[in-house]
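Colleague: Taken in sequence, the protein lines are chains A and B.
Start counting the first sequence at 1; every next residue gets the next number (the working numbering).
Start counting the second sequence at 1; every next residue gets the next number (the working numbering).
Just so you know, the hints here were simulated from the structure itself, not pulled from any lab data.
Heads up, some of the hints might be wrong.
Copies of one chain are not kept apart here, so a pair can be met inside one copy or by any two copies together.
Claimed, not checked - Lysine-lysine pairs mimicking DSSO-like chemistry, simulated, CA-CA at most 27 angstroms apart: (1) 353 <-> 220; (2) 85 <-> 42; (3) 16 <-> 301; (4) 228 <-> 82; (5) 43 <-> 292; (6) 79 <-> 327; (7) 30 <-> 126; (8) 28 <-> 126; (9) 364 <-> 42; (10) 292 <-> 79; (11) 353 <-> 30.
2 protein chains.
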Amino acid sequence: MRNFEYYNPVKIVFGKGTIGELSGLISKDKKILLAYGGGSIKKNGVYDQVIDALKGYSVVEFAGIGPNPQYDTCMRAVKVVKDEKIDFILSVGGGSVLDAVKFIAAATMFEGPEPWDILTKSAEIKSAVPLGCVLTLPATGSEMNTNAVISRKETGEKLAFSSQQVYPVFSILDPETTYSLPVKQVTNGVVDAYVHVMEQYMTYDVNSPVQDRFAEGLLKTLIEEGQKVMQEPQNYEVRANIMWAATMALNGLIGQGVEQDWATHMIGHELTALYNIDHARTLAIVMPAVWKHQRESKGAKLAQYARRVWDVQTSDEDEAVDAAIQKTIDFFRSLDVPTTLGDVDLTPADCAKAVEQLRERGAKLGERGVISAKEVEEIFVLAA
Amino acid sequence: MRNFEYYNPVKIVFGKGTIGELSGLISKDKKILLAYGGGSIKKNGVYDQVIDALKGYSVVEFAGIGPNPQYDTCMRAVKVVKDEKIDFILSVGGGSVLDAVKFIAAATMFEGPEPWDILTKSAEIKSAVPLGCVLTLPATGSEMNTNAVISRKETGEKLAFSSQQVYPVFSILDPETTYSLPVKQVTNGVVDAYVHVMEQYMTYDVNSPVQDRFAEGLLKTLIEEGQKVMQEPQNYEVRANIMWAATMALNGLIGQGVEQDWATHMIGHELTALYNIDHARTLAIVMPAVWKHQRESKGAKLAQYARRVWDVQTSDEDEAVDAAIQKTIDFFRSLDVPTTLGDVDLTPADCAKAVEQLRERGAKLGERGVISAKEVEEIFVLAA
Chain A
1 MRNFEYYNPV
11 KIVFGKGTIG
21 ELSGLISKDK
31 KILLAYGGGS
41 IKKNGVYDQV
51 IDALKGYSVV
61 EFAGIGPNPQ
71 YDTCMRAVKV
81 VKDEKIDFIL
91 SVGGGSVLDA
101 VKFIAAATMF
111 EGPEPWDILT
121 KSAEIKSAVP
131 LGCVLTLPAT
141 GSEMNTNAVI
151 SRKETGEKLA
161 FSSQQVYPVF
171 SILDPETTYS
181 LPVKQVTNGV
191 VDAYVHVMEQ
201 YMTYDVNSPV
211 QDRFAEGLLK
221 TLIEEGQKVM
231 QEPQNYEVRA
241 NIMWAATMAL
251 NGLIGQGVEQ
261 DWATHMIGHE
271 LTALYNIDHA
281 RTLAIVMPAV
291 WKHQRESKGA
301 KLAQYARRVW
311 DVQTSDEDEA
321 VDAAIQKTID
331 FFRSLDVPTT
341 LGDVDLTPAD
351 CAKAVEQLRE
361 RGAKLGERGV
371 ISAKEVEEIF
381 VLAA
Chain B
1 MRNFEYYNPV
11 KIVFGKGTIG
21 ELSGLISKDK
31 KILLAYGGGS
41 IKKNGVYDQV
51 IDALKGYSVV
61 EFAGIGPNPQ
71 YDTCMRAVKV
81 VKDEKIDFIL
91 SVGGGSVLDA
101 VKFIAAATMF
111 EGPEPWDILT
121 KSAEIKSAVP
131 LGCVLTLPAT
141 GSEMNTNAVI
151 SRKETGEKLA
161 FSSQQVYPVF
171 SILDPETTYS
181 LPVKQVTNGV
191 VDAYVHVMEQ
201 YMTYDVNSPV
211 QDRFAEGLLK
221 TLIEEGQKVM
231 QEPQNYEVRA
241 NIMWAATMAL
251 NGLIGQGVEQ
261 DWATHMIGHE
271 LTALYNIDHA
281 RTLAIVMPAV
291 WKHQRESKGA
301 KLAQYARRVW
311 DVQTSDEDEA
321 VDAAIQKTID
331 FFRSLDVPTT
341 LGDVDLTPAD
351 CAKAVEQLRE
361 RGAKLGERGV
371 ISAKEVEEIF
381 VLAA
C-alpha cells in the first residue's frame, strides 16, 4: 500500500423523507442560491419538498443547468451569486447540477482574470462559496467528493478539476427521489459508478486487500442491484443500495494508497465532447477496449476480478481474463447500454478528432502513463 | 437499509515516515499537551520522532496513561491542561492513550460539577479541547471515531461515551511504529478489530449489501494478515493492512444503516473491570458464546458469514452455522488468544459479579435488546 492522506468531511444524510432536514443543515441567516436543471424536479415533487423545507430562508433560483454543464451557464450563475450576495449554494439534481455548483462556488471567489484557468491550468482555488446537495441521480459520486467536470461547447472541451474547497457541506440522499428517473438514466448511473470503481481497482497489485475487497463488494452490489432495478423500478431497497454504492464508488475511500487508471474517463470525455454521447455510454464502450489493449499489464487483476466478482472457477489465467472482459460486456448489455462504437453509429475513423485532441494535450494515460494518442487510436479500433 | 447520518472529518495521514508531518497539522502558536503511556514510545523511537517534529512548539508532557485508562489519571491531566492553558492535546500511543485524551479534552470543557457524569449519565459534551493522534497500536479504531472507554478502579466500572466533539482533528498512522509491539498486543488488536466488525455485521439482514460486503472484506483481511503477522512480524505490508483494516472496522462506516449488536463488548467490559483480563481476550471468550446463545436469531447471518468469509460450501444451514462458530474459534486460537473462561482460569460462577452489575444497570443487550442479566448468566455457562 502507498502512503496516503484521506480527509472527507461531507455530512451524508441518507434515507426516506430526509429532504425535510434541510433547515437543520443550513443556518437561517444564509441567502441561498437554489440551483437545478431542466425542471424534472418540478414534476417529481422534489422541488416542492425543497421549497417547503426552505420556508423562512431567502432563496434565489437558478434553473437550466443541463447535462455536461457548460462554462457559459456557470458564469451566468456566478454573476447571480455576486449580484445577489449569495451565502450558500444548494444543488438539487444529479451530478451535472452539482458539478456546475462546485465550479460556480469556486469561480465566484476566484482571484485570477479567467476562471476557465481552473480547468485548463489547474489554477489554485483558495476558497469557495459553501455548498450543499440534494441528490436525485446516483452516478457520479460528486455528492461526496472534491471533483467536477465542466464543458465548453465552442472548443469541444470537457475538463475536470478537484479541490477540497468544493466538498459539499452536506449531501441529502433520498432514494425515493430517484423513482421517476427514466430507465436509461438509472442504468447509465449504474455503469458510471461501476467504471468509477474500476478506475481505482483495475490496475496492478500494491498489496491493498481492504481497498480491493471494498471495490469488489461495490462491483457485486452494482451487478446485483443493477439487474434488479430493471425488474423492480419502484423497489426502495434496490434504489437505496444503488445510491449508496454509487456514493462509495467515488468518495475517495477505495482509491487511497492504490494505483489509479482513469484512461477510460479521459478517452470517454472526448467522445462526449465531440459527439454528445452520454458519459456512462462512452465508458461502457471504451473500458473493455482499454482492457483488451492493456491485457498483459492488467492481467493479474482482471483474473482476480473474474474469480472474486464473477465466481469464475478456471485456474487458467487467460481464460479468467477472457471471462472478466466478456462478463463485463454482457453485464453492460444486460442494462441495454451500448458497448461498441458501432452501437452508437461511429467508426474508429470518426474518432480521429478525439485522438488529435489527446495528442495536442500530450496525453499519457493509465496507471503506468503508457497510453498516449497512438495507443488511444488502437483502443478505438478494439472498440469498433 | 435504515436511514442514517454519517459525518467523519478525521484527516488520516497514513504510511511510512509520516510522523514528520505533524508540524503541518498543528498550527505553530498552539501549546501542546503530549500525552502518552508507560514509556514504550521512548524505547521504539516514536517519542524521539514526535519531539523532533514538534521542534519550535511549546510542549508539556503527560505520561503514565495505562491500559483501561483510569478516571483519576484523566482528571490529573485535566488539571494540567487547565493550569498550563493547553490549546491542543496530542495522543501518542494506542487506543487507551487516545481514549483518555478524548475524555481529558471533553472533561476540561465540561460545565457540570462532575465529569464522571459524561460516562454514567450521558451528560452533554458541548465542546472539547482539539486533539490529534499518532497511533502506535492498531485495534480500537479510536483514531477515526467518536468513542472512548474509561475505567474506575474503586467501583469496578468500565464505561463508554461518544461525541463528535472528540473526533481527532487528524490521526497519523505509521505502520512502522507497530514493529516493536509484543506479539500478544498485535494479536489482541486483530481480535479487537475483528469483533468490532462483528458487532456491526452479525445481526439480522436489513438488505445492506454494501455494508455487508465491506464487513466481510475486513474480516477476510484480518484473517489473512493476522495469520501472516505471526510468521512475518517485520513485514511492512502486513502491518499496514492490519492497521488500515482496524481503522475501517470502527470508523462508523460499516455500521451505517444497519442493526448493531455490542452485547459482546458490554459483557466483556465487565470481565475486564472485575478481573483485569485484556479487552480483546474477553471478546474472544464472550462472542462465540453469544452466537451459540443467539444461534436462532443470528442463524441466517452466521451462515452467510460461513459461506462468504470462510468459503464453507455446504447447503445445510445448521452445518454452515456450526462452521461459522467453530472457524471463528479456531482463528482466535491460531493467534494464541483464549476462547473460553477456562482458558483464563475462570468459571461461570466467578462471573456472578458481572451478571449482578449488568442486572443493576437493567441491561437489555444485543440488536434485539433481549439479552438481560439472566441471558448473560447463560452465556457465561456457554463460555465455560
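Colleague: None of the hints should be skipped; say for each whether it holds.
Modeller: The hints, checked one at a time:
no.	hint	verdict
1	353 <-> 220	neither (36 angstroms within a copy, 47 angstroms between copies)
2	85 <-> 42	within (26 angstroms within a copy, 55 angstroms between copies)
3	16 <-> 301	between (38 angstroms within a copy, 25 angstroms between copies)
4	228 <-> 82	neither (45 angstroms within a copy, 59 angstroms between copies)
5	43 <-> 292	neither (43 angstroms within a copy, 53 angstroms between copies)
6	79 <-> 327	neither (48 angstroms within a copy, 64 angstroms between copies)
7	30 <-> 126	both (21 angstroms within a copy, 24 angstroms between copies)
8	28 <-> 126	both (26 angstroms within a copy, 21 angstroms between copies)
9	364 <-> 42	neither (43 angstroms within a copy, 47 angstroms between copies)
10	292 <-> 79	neither (47 angstroms within a copy, 65 angstroms between copies)
11	353 <-> 30	neither (46 angstroms within a copy, 56 angstroms between copies)
Figure legend: structure checked against the earlier numbered hints; hints not met, in rising order: 1, 4, 5, 6, 9, 10 and 11.
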